[in-house]
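Novice: Spelled out from the first residue to the last, the chains are:
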Amino acid sequence: MKRECTIIPMGPFHPALAEPEFFKLSVKGEKIIDVEIRIGYNHRGIEKLAEGLTYNQCIFLVERVCGICSNIHPLCFAQAVEEIAGVEVPDRAKYIRTVIAELERIHSHFLWLGLAGHIIGFDTLLMWAWKARELVLDIFETVTGNRQSYAMNAIGGVRRDLKKEHISKILKTMDEAERATKRFIKAISGDPVTLSRLKGVGVLSNEDAKKYCVVGPVARASGLKIDIRKDYPYAAYDEMDFDIPVRRDGDALAKTEVRLEELLQSIRIIRQAVDALPNGDIKCEVKEMPEGEGLSRGEAPRGEDLHYVVSNGSNMPERVKIRAPTFMNLPSIKPQLIGNTIADALIIIGAIDPCFCCTDRLTVVDVKENREKIMSSDELLQRSRKKSSADHRGS
Amino acid sequence: MKKDKKRSLLKIDELSEALRSAFSKPFTVKYPYAPSPAPEGFRGKPEFDEEKCMGCGACSEVCPGGAISIIDEGDTRKIELLYGTCTFCGLCEECCPIEEKGIRLTTEFKMVFSDKDEARTSIEKPLVRCERCGEPITTVDHLKWMIDRLGPLAFSNATLVSVIYDLTLGKIPIKEPEAKEIDRADVIGILCPKCRRKAAVIDHGYRVKY
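Protein chains in written order, with my numbering: chain A, 1 to 395; chain B, 1 to 210.
Interface residues of chain A toward chain B, partial, derived using beta-carbon atoms under 10 Å: (1) F60; (2) T124; (3) R183.
Calculated lysine-lysine pairs in the DSBU-like style (CA-CA distance at most 35 Å, straight line): (4) B:K30 with A:K172; (5) B:K52 with A:K283; (6) A:K230 with A:K131; (7) A:K48 with B:K101; (8) A:K334 with A:K199; (9) B:K45 with A:K321; (10) B:K30 with A:K163; (11) A:K164 with B:K110; (12) A:K230 with A:K287; (13) A:K211 with A:K230; (14) B:K101 with A:K283.
Note that these hints are calculated values from the structure, not bench results. Ideal Cβ placement from N, Cα and C applies to all residues, glycine included.
Looking at chain B on its own, in the form it has when it is part of the complex (with noise of 0.2 Å):
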């Protein structure tokens, strides 16, 4: 007897919850039909920043699950991010060194693509290669970058010397590569750092053999 009371009881609380139910409204969002954003702070689709990011690839080098790559292709680098490989954990942001941010998760969280050559994003800068051995060194707005952040000490190497005066004339320190051999004269130029460490032991005209 006192059993069933009790279940009466319970009854009439789940009855209670019913019709609660019945007239409130849903407590799911129709979502594709309305809308339901992500609240600030989501972590959702990466995006790059055309203006600001700068293509060092800082962010290919922490992104753990490998989904930001680098190609060098001729003159211009491309950094590209796969959706389908990303985990959105935000360390692309985390690391990227400038203050602005050149690679940013934003709040979108719609990633429907009908082909998976689609689920990706991608930037392209203009890439400074060596010029004799024509090995990619790095974009010209990493160099501007770093020109700027070592103020009068960007003197002290010749490369970004060279990219100074480029620069200064108004023209884009991007040469075609000429596969010579390296010479004195060559201590000024563009160089990677082992085309510019053979041109350094070069001495007086007393060609040393490597």
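Pulled out of the complex, with its shape left as it was, chain A reads as follows (with noise of 0.2 Å):
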């Protein structure tokens, strides 16, 4: 019988910090027999906060939705509010945000394969792939004046050029990461600990994924093949050459799988863009804002991220909507936990890439002895890097 029980987690409560998150796993010894999630403890009031502010000022407040993607956030606000003002963007203002948009994907992939490899104990995966990574924040730190909050997009355009030299530092920066990338590859596919780490834990199946909407990476190794790159292009993605990657497993080892192939898409689509780049102006004016509602999507590296804006003819929205892929993802983690063991709790919540990464606490609900017991982040990481080591032994 379930125990039915309430936890207010009280902790470390900072939005800078390991971003607060409750999980709650009811266990029969090691397994998990049932999950409840809560969300809500990182909520900003940014929706409202936009409704107070012009719509150049809302490009950076939206863009602090999230540190990791804080491109496709300010970039969906625009297309949104451009819609409603009825303006055509500038061709190379479009190109430079698909650049931007790409490597935000690759920074982003990259953080997420090292965090992976720290969960399971490979830690030199970690040190590859911020080593990889920090290599592309480079770049936006010389283009956009940020390696965070790049604040490169505005209403009608971006804020800055791609510059010559900018363009030759981004193309090789890209044959490093290509490189970088298909070591990743070899060093997983080869390396057995990781491949039993990550083979069939946290299975989603193709009608839990259909049922549950799932977005990104996630939706795309259940066997789904969604892409907002595709599907409603957006940018210059129509004029781009890609595949998008697809695996039916549906397990941590395909989110893996596609999420490194997506790199290396992401790579091909960069060097398209930034040799085809059209010259003209990299901005339009938007002279006056009409009444009316706009809708944008984006494919954020975690899925589809969507921005509604309403605007009542002011210099100020007056509704703003937000829904982050992980809002999607999140609820998907149940089916996918359920029939699991502790020890490979934190890489399946983490293979799903959520947003607020770090999981601030667990309960565990013993229900066969009828007790609680709550474990920090670091005790279940000790959990999880002490079953690599025996799967070493073991192999």
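Hints are included, so try docking the two chains, each in its own frame, into the full complex.
Specialist: Spelled out as structure tokens, the structure:
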């Protein structure tokens, strides 16, 4: 019988540190039999705040929805506002937006890869992946002026131009990123311990994926071929030639493989976009804001991102609605976790690449002995790593 | 057997990486001890330019985080920027009406303060107030900039004419506010829009009640 209980998490509540998140796992011995997910500890009221800022200021507010996807949110917001204003963004701006969006995907996937390696105790992968990611962040620092929160988008275009020296730097880094990605593919597919930790863990079946409406790499790992870049092209994606990697297994390994292949596709897109970069303006002027509503979607590194803006004709939006990809992916953790062990819980939660990557704390409710134990993420990490070393000895 | 061979090959790859890493210099920089300059175009600590800034306050209007505030006290206008609230977006620099930019984002990223009151920068400019009610109008530099841009058209505005008159005499157009009733003579004077409206509707000794 399931024991009903309420646990109020007390602890370091700081949006800048490990992001607050709450998963209540009901376990029988080591096996997880039920999961309760609670979100909302990091609510900052961004949608309401946006109603008191002008459109130009809102760009910088929505940029801070997420620290890692800090390009896709302003990009989607700008697209929604441009739809209301009825302006056509110059071609060069569209291409620059594409380059920045793909660079962001590369840095985000490298970050995730490093974290996944760290969770399962493959710290070498963390060092490698973050070293490769650092080069991408160097591009951001040079081109946009910051490693994160690039402030590259504006209503009607982009704020900074890609210069010749930037392009040569980007192409050079892409060569290195490609080399690094190929090495990661080799390192993961050749390492029996990593394979045993990822294979068959946290399976999300095709039916479940459809039922939970998952998006992004999680959906693509479960055999759903969906990608906003292909289905509803924005920026300059309709002129780019790229594939959508799809896997059918739906386990953590499939999610890893999808992301690794996406890295290669992103590098391909950046090379094409930089080669075909058209000349011209980077920004067009928005003369007036009519009344109306705009909806825009974009493919964030984690999946579909949706922005909905209502204008009342003034210089401030009347309503802004943001739906980040993790909001769709998080409920799907439930079918993935049930039936797995506690040691695998962290990699399963990590595999959907939640935007609040760090699991704040977990409460383990042991049904058999009817007692509760709150585990910190450190303890879980220890458990997860212990399993890796056990696998290593066993293999 | 085949699996073992594949694994041993992999270890060679990892070993070579380990050897290369052992004999090459570290990828990281010993930052506080070694310099680590930010690239050109980095959006760092914003700084006011004492000479170029005219104190119009456009930056405080556009700042998304509300980090820039205008404090009018006595004869000075203080524009203050709080580094704790600043998001380094660069809108202030973008929207500064002066071509040479009165506020600029430097490439400085070191912002370590032992006291939170130190985490701010400010600029002070002489402020012109209304001769009658004492409401702040704008800074002297801003009026000069307006006169410069308007050219001969500046003579169509009585406040600007009064400012030009004072400036040509070498005086700073700052007068002690005198709280008395507005009369016809106040039409030529430095007045705020509200007082100017009052002064303009006074007609030949016939006083309108407001």
